[in-house]
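Peer 1: Chains as they are written, first to last, in this note's numbering: chain A, 111 to 534; chain B, 111 to 534; chain C, 111 to 534; chain D, 111 to 534.
Worth flagging that the hints you see were computed from the coordinates, not collected in a lab. It is possible that some hints are incorrect.
Note: identical chains are not told apart, hence a pair may lie in one copy or across any two.
In silico DSBU-like cross-links for lysine-lysine, where the CA-CA straight-line distance does not exceed 30 Å [to be verified]:
#1 Lys449 to Lys532
#2 Lys298 to Lys344
#3 Lys449 to Lys298
#4 Lys298 to Lys131
#5 Lys344 to Lys449
#6 Lys532 to Lys200
#7 Lys200 to Lys222
#8 Lys344 to Lys200
#9 Lys131 to Lys222
#10 Lys222 to Lys449
#11 Lys200 to Lys131
Predicted model only: the values in this text are computed from it and were never measured.
Protein chains: 4
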Amino acid sequence: MAQASTDTFIGTVALVEQYRKVRALTEELANQLSDADASVQSMPDASPAKWHLAHTSWFFETFILAEYVEDYQLFDDRFPFLFNSYYEAKGSRIARPNRGFLTRPSIQDILKYRRYVDSSMQAALPALPIEALRLCELGCNHEEQHQELLLTDILHLFSLNPLGPVLWAHTDAARENELPPLQWVEGKRGAVSIGFSGNGFSFDSEGPRHATWLAPHALANRLVTNHEWMQFIKAGGYESPSYWLSDGWAWVRQNVVEAPLYWRRNNDGDWQFQFGLDGVTDIVLSAPVQHVSYYEADAFARWAGARLPTEAEWESAAENLPIHGNLLDGPGLVKPLPKSDSSQLGQMYGDVWEWTASAFLSYPGFRPAAGAVGEYNGKFMSGQFVLKGGSCATPRGHIRASYRNFFSPHQRWQFTGVRLAKDL
Amino acid sequence: MAQASTDTFIGTVALVEQYRKVRALTEELANQLSDADASVQSMPDASPAKWHLAHTSWFFETFILAEYVEDYQLFDDRFPFLFNSYYEAKGSRIARPNRGFLTRPSIQDILKYRRYVDSSMQAALPALPIEALRLCELGCNHEEQHQELLLTDILHLFSLNPLGPVLWAHTDAARENELPPLQWVEGKRGAVSIGFSGNGFSFDSEGPRHATWLAPHALANRLVTNHEWMQFIKAGGYESPSYWLSDGWAWVRQNVVEAPLYWRRNNDGDWQFQFGLDGVTDIVLSAPVQHVSYYEADAFARWAGARLPTEAEWESAAENLPIHGNLLDGPGLVKPLPKSDSSQLGQMYGDVWEWTASAFLSYPGFRPAAGAVGEYNGKFMSGQFVLKGGSCATPRGHIRASYRNFFSPHQRWQFTGVRLAKDL
Amino acid sequence: MAQASTDTFIGTVALVEQYRKVRALTEELANQLSDADASVQSMPDASPAKWHLAHTSWFFETFILAEYVEDYQLFDDRFPFLFNSYYEAKGSRIARPNRGFLTRPSIQDILKYRRYVDSSMQAALPALPIEALRLCELGCNHEEQHQELLLTDILHLFSLNPLGPVLWAHTDAARENELPPLQWVEGKRGAVSIGFSGNGFSFDSEGPRHATWLAPHALANRLVTNHEWMQFIKAGGYESPSYWLSDGWAWVRQNVVEAPLYWRRNNDGDWQFQFGLDGVTDIVLSAPVQHVSYYEADAFARWAGARLPTEAEWESAAENLPIHGNLLDGPGLVKPLPKSDSSQLGQMYGDVWEWTASAFLSYPGFRPAAGAVGEYNGKFMSGQFVLKGGSCATPRGHIRASYRNFFSPHQRWQFTGVRLAKDL
Amino acid sequence: MAQASTDTFIGTVALVEQYRKVRALTEELANQLSDADASVQSMPDASPAKWHLAHTSWFFETFILAEYVEDYQLFDDRFPFLFNSYYEAKGSRIARPNRGFLTRPSIQDILKYRRYVDSSMQAALPALPIEALRLCELGCNHEEQHQELLLTDILHLFSLNPLGPVLWAHTDAARENELPPLQWVEGKRGAVSIGFSGNGFSFDSEGPRHATWLAPHALANRLVTNHEWMQFIKAGGYESPSYWLSDGWAWVRQNVVEAPLYWRRNNDGDWQFQFGLDGVTDIVLSAPVQHVSYYEADAFARWAGARLPTEAEWESAAENLPIHGNLLDGPGLVKPLPKSDSSQLGQMYGDVWEWTASAFLSYPGFRPAAGAVGEYNGKFMSGQFVLKGGSCATPRGHIRASYRNFFSPHQRWQFTGVRLAKDL
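Build the full structure now, drawing on both the sequences and the hints.
Peer 2: Here you go:
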């Protein structure tokens with residue numbers, strides 16, 4: 111956590127309301143899941159939905175209730191072992207790839223756990239000291255992150271089931287749209303400041319705000335579309351090593367990667383369908399491409415004679431834009447949409463996380479928070495790239511220009527996409 | 111299937127009754143499982159309980175209903191892909207390690223599937239031709255095998271859960287017992303015949319009945335106990351390569367094997383507990399050791415100055431014994447028990463599967479059944495050892511002297527144990 | 111070692127001569143190898159030639175010179191760590207997959223080591239006690255085994271080099287030959303004895319001689335040829351799971367196996383060439399197929415409507431045949447040859463090791479030798495199949511009817527082939 | 111290659127001399143290697159010395175002789191397949207992990223290849239066009255890189271041999287020295303320019319020169335020493351997850367990392383020795399620590415309450431320093447030395463490559479060279495960190511402030527070490 115002063119705190123009343131809303135949304139997103147859906151782990155990178163539901167509660171219980179509430183009784187003293195994620199300072203824990211073996215507690219038990227934590231938190235909140243309130247704010251933001259992971263993890267699990275289960279019904283809200291041609295929008299030059307500042311919450315890794323230097327450059331006014339991606343495929347993009355990073359080419363060959371994750375061929379062998387939370391549907395050509403890795407994003411950009419934006423280029427361009435776009439408001443849809451506005455620089459927020467050319471490393475003067483919560487971001491600062499702007503699965507209100515998401519270059523089960531940039 | 115003539119068929123009336131009982135027992139065994147319990151796959155060797163419930167039904171549907179019942183409608187035409195196990199001749203199927211991703215269909219849907227198959231089978235049975243009746247008999251025996259696997263797979267899954275779920279409550283039925291000293295019972299010598307003959311059902315690999323030659327030898331009158339296994343551990347059995355096969359020693363080192371699977375230490379570091387379907391309980395010292403691999407069984411025998419029996423030695427000794435013992439009658443207990451009878455040669459049936467020194471290979475004149483059901487046993491004839499006698503999880507009525515179970519030498523999640531033999 | 115009495119010992123004079131000849135042949139086989147050729151390890155199953163040269167010397171030094179010769183000085187006291195193979199009782203040793211990192215000692219140093227051991231042995235031999243002489247005889251037989259391994263390991267290494275190095279020049283000695291049609295030769299029935307007996311050396315696992323029972327059967331009078339194997343390929347043999355063991359099919363798919371090891375396609379995509387110790391040459395269609403795994407041998411037999419012989423069938427048929435055939439006499443050729451004799455049952459010795467349907471397990475009454483040399487065979491008794499008859503790389507004089515070679519079912523870098531059998 | 115104009119070219123005469131010297135040094139470094147030493151590959155990351163000798167020659171042959179010399183005859187038309195490294199545009203090649211199977215051509219043949227290329231190059235050089243001369247300059251720099259790799263790869267190979275071969279004899283040139291206390295040297299602030307400019311050769315990834323922004327910071331005036339590393343170990347540095355990146359901690363646990371690579375314990379279990387090109391010697395406590403990974407460097411810095419420098423901090427501090435230090439001049443020593451000068455900011459060049467906190471990514475405006483040589487650096491821009499300053503194995507004359515070496519965070523077989531930095 112990076113807040114420099116109490117000035118930035120949203121206030122207890124607002125926090126109580128935020129807590130209520132965040133906790134409710136998590137359960138809304140999960141409420142169509144069966145006990146089995148919520149228990150299975152589809153790969154080591156993913157977690158069971160039940161685990162997300164419990165771990166986010168464990169966060170409040172461990173860092174706030176157990177620390178600040180006198181005589182607080184743990185709901186179940188075996189849960190800390192089960193639902194700690196990676197906080198070494200908080201003791202031993204079940205190995206990450208084994209989260210899917212916890213068929214008990216059942217989802218009903220986990221929901222009881224949530225009720226217990228919620229009522230304890232609601233009782234405690236008005237009287238908590240400021241440092242606990244800040245932890246609560248962190249916990250809310252932490253849970254919003256897990257809301258997105260819950261959706262992407264369920265999507266991955268369902269994609270492996272030949273029956274193609276859906277989380278919600280298909281609507282025709284993601285329709286084809288006639289796109290304006292791609293335009294280049296010139297960015298700022300010279301010394302600029304990036305990193306979080308001002309009021310409100312931010313994660314520790316978003317600061318401190320600091321100067322950096324931008325060379326002359328431009329950003330595309332919209333995201334790369336499925337249509338453009340099909341052209342890349344037809345041009346032999348996945349078969350030409352010259353477009354690829356060395357590690358990326360090895361990844362393509364070893365995993366026989368031929369298209370974005372969840373794309374599916376029709377009986378003629380053409381890419382026509384994609385699997386989503388609403389099942390198998392036609393690919394919307396004018397919609398932004400999604401579920402591509404950094405390797406793919408980088409190869410596409412090279413093929414297109416462009417490059418990916420740096421984090422600073424993206425952030426300085428986004429900083430004064432209003433935060434609106436295709437973000438998560440509740441259950442339903444969660445798909446990137448064709449560009450609908452006429453703005454110069456569009457789709458900056460929502461739709462898909464945009465891969466940047468910047469490694470996820472610390473800003474000058476970065477200091478992780480003290481104690482276990484300090485394990486939050488800094489320990490992942492190797493081998494990952496920054497993504498900006500949020501996706502259709504990112505809760506509205508959770509995103510801002512300084513937000514730094516990060517994943518490994520081969521990962522693509524998140525809603526990840528591409529915006530092009532170029533040197534001027 | 112190995113029946114040589116229609117003489118051996120049990121008759122339609124008996125078969126209808128067998129079908130009903132077998133199908134009912136499977137569901138009784140599973141009826142304490144939650145949807146999540148029944149969906150998770152704990153390792154590639156194991157299958158989800160739901161899968162066992164469905165696959166056994168698929169067997170009847172595929173080999174009997176779809177083949178012999180006019181206008182039979184599949185319950186769901188996507189199920190054959192989901193619930194075929196390994197029958198290459200029956201088309202493509204979900205990869206074995208992916209069975210645990212099928213959170214849908216739910217356990218309720220699977221139970222509906224069972225109902226549908228059961229009513230179709232019960233309607234069809236009286237009029238089926240003899241070859242279909244034989245397939246039904248095979249299907250019942252096949253399902254009995256899956257009953258045992260269902261129990262051992264659930265035990266494995268539950269063992270990985272730090273909460274230690276139980277399938278049923280603990281009773282004190284497995285009590286310590288004062289054992290008679292181990293005695294050696296001399297076996298037959300010279301030419302003997304083994305392999306299935308006579309009336310009733312048998313699997314193809316149990317025949318043909320054929321001559322073999324026995325050298326002078328003796329079998330122990332009882333199984334190796336937990337007490338004896340503790341002595342082996344204390345004597346450094348797991349630390350002395352001289353007792354072990356080369357592959358076995360590599361397995362011990364790589365997996366840090368120190369005791370039978372499911373044994374657990376107390377706070378002093380001593381082996382005191384074991385995990386079972388009734389949870390964590392004290393090890394009963396006079397009870398047969400269980401959940402040991404062939405490698406362990408072989409090393410123990412070498413340490414004890416003895417050896418494992420061959421299949422022919424075991425079978426010729428068992429052939430005229432009545433089939434009684436600690437076998438599966440329904441939900442509850444399922445634990446090996448101390449030797450309680452005074453018979454010379456005891457515990458031959460039930461308690462634990464007994465590792466033999468014989469590889470699982472074909473008998474002279476063996477011919478697999480024609481068609482897909484011929485893939486049943488013959489294709490596993492490399493790298494596996496034969497086990498005899500059945501276990502506490504083997505349905506009573508399913509076992510006979512000629513029965514040939516088989517597993518790889520490192521596997522030990524079944525109820526496997528040891529009887530010693532020696533040359534005379 | 112299995113000799114039951116001193117009666118079987120060949121005598122000191124003959125042993126001295128055997129020692130000299132064996133040691134000389136090893137060096138003759140290796141004398142075209144560069145220091146690099148002799149140092150590289152091409153896979154964990156193989157060893158560098160230098161290691162074979164040294165390990166065989168270590169055997170004499172460790173079990174005889176260091177034990178029976180007063181004041182014997184080790185050539186280099188670091189060599190026991192380097193050149194012990196797997197004798198746990200003889201202390202720690204370099205891990206098997208790391209043998210190829212020993213670029214020093216050089217091949218010249220190893221040859222000096224051999225000289226040193228040879229002169230010490232020759233000096234010591236006349237005065238050694240009978241148990242040491244027996245160990246020397248064992249050492250000679252052990253070295254003969256390594257002669258064959260040296261050739262097959264070099265072949266494997268050279269096969270990985272795009273330059274295709276050769277150990278010796280190609281000759282046209284392996285010419286096409288018009289083959290008589292395959293004929294079935296009926297075998298013995300009922301009780302027979304197998305296992306070593308009589309005079310001369312044998313390995314411990316070859317005994318004790320014991321009775322076994324043979325069902326009516328016949329053996330093919332010759333080996334399966336390359337021509338027949340091409341028919342198997344053309345018939346889709348490698349693409350039809352129904353011919354394969356379950357493990358075998360997985361092995362075929364995972365390793366993209368399409369033909370015997372070392373077969374190579376011509377520019378039209380047809381199998382025309384094979385790589386051998388004399389480089390790339392045309393496949394001789396009438397010659398026995400070689401470098402096939404047990405999985406392939408078994409699949410071929412099933413496709414051909416036959417089966418593999420059991421060890422007892424093979425041994426009882428071979429027992430009274432003279433041991434002549436295409437065996438190793440010195441450097442040069444080392445290729446299986448088309449059947450050239452008119453004998454009923456031909457090619458029983460030499461050409462290729464013949465896979466049997468028998469697992470490598472102990473005979474009744476088997477007792478490994480005491481001490482470290484007892485680790486010789488017994489510890490490999492799981493997961494392997496017996497091969498009989500020797501190959502073109504087996505030193506003449508090393509083979510006999512009771513000889514039991516063994517390899518894992520996927521291994522095929524030895525000169526391995528197939529003889530068919532069938533039930534009568 | 112990044113030269114913007116012909117202004118930067120060193121001139122033909124100087125290039126001819128550079129070519130001669132570089133080629134000669136490579137062979138001097140290798141001339142104590144046996145054919146076996148030069149042929150074995152100790153891990154996939156390393157290459158055989160013979161391969162380095164040949165691949166560097168292949169570079170000149172392929173990019174210059176075959177392209178610019180009329181009627182040039184390849185030395186051996188199979189060599190391009192053998193000695194191409196990763197240039198996809200130059201056709202297929204032997205897989206990297208298989209380089210160690212090339213026991214032929216022998217080292218003598220490779221030296222003949224070098225002679226052939228050298229005489230062809232020397233004949234051709236005076237008349238080559240400027241673009242070929244630039245490729246020759248690139249080839250010389252490329253070969254200097256391989257000189258360092260040749261030494262580090264041989265060191266790794268020799269370290270795996272229990273006999274501990276040496277490349278040259280030990281001298282006492284690396285003696286303990288009384289060190290001045292660590293001091294912090296303040297760096298530049300605000301906008302600075304980094305990246306190559308001026309005359310002479312540079313790699314493409316070193317440019318373009320561009321502005322960047324430095325926050326207030328200081329660098330340590332010397333490298334971290336072995337003594338300081340021992341304190342880190344004693345303080346539990348390798349046992350405390352709080353110091354480590356998440357990936358780093360996993361790497362430590364999985365590989366049981368307890369000290370720098372090549373450190374060895376004495377009989378009391380204390381770290382006393384290190385293995386080097388001169389064999390096993392005492393650790394010199396005042397000398398810089400070497401053979402540590404990025405993970406270790408980062409963990410040490412965190413433990414020390416500091417951080418690693420960024421590339422820009424390092425480069426802007428080094429830019430005006432003379433390039434002197436413990437660099438490679440020829441065979442012998444090649445060990446980091448204690449700080450001997452009194453300069454404020456010392457050991458910036460030579461001794462060890464210094465890990466920076468900067469990912470190896472492209473500079474603004476970076477364009478890889480056209481054609482196959484453009485595969486040189488850009489394709490490795492993911493997952494790697496930049497190292498600066500050169501090591502005791504870096505040829506003098508090869509290093510400059512803008513030089514960007516890069517390795518994966520777990521790699522440590524290079525001469526890699528640590529300089530601390532901190533925010534002001």
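Peer 1: Mind listing which of the numbered hints don't hold for this structure, in increasing order?
Peer 2: Violated hints (numbers, rising): 2, 4 and 10; every other hint is consistent with the structure.
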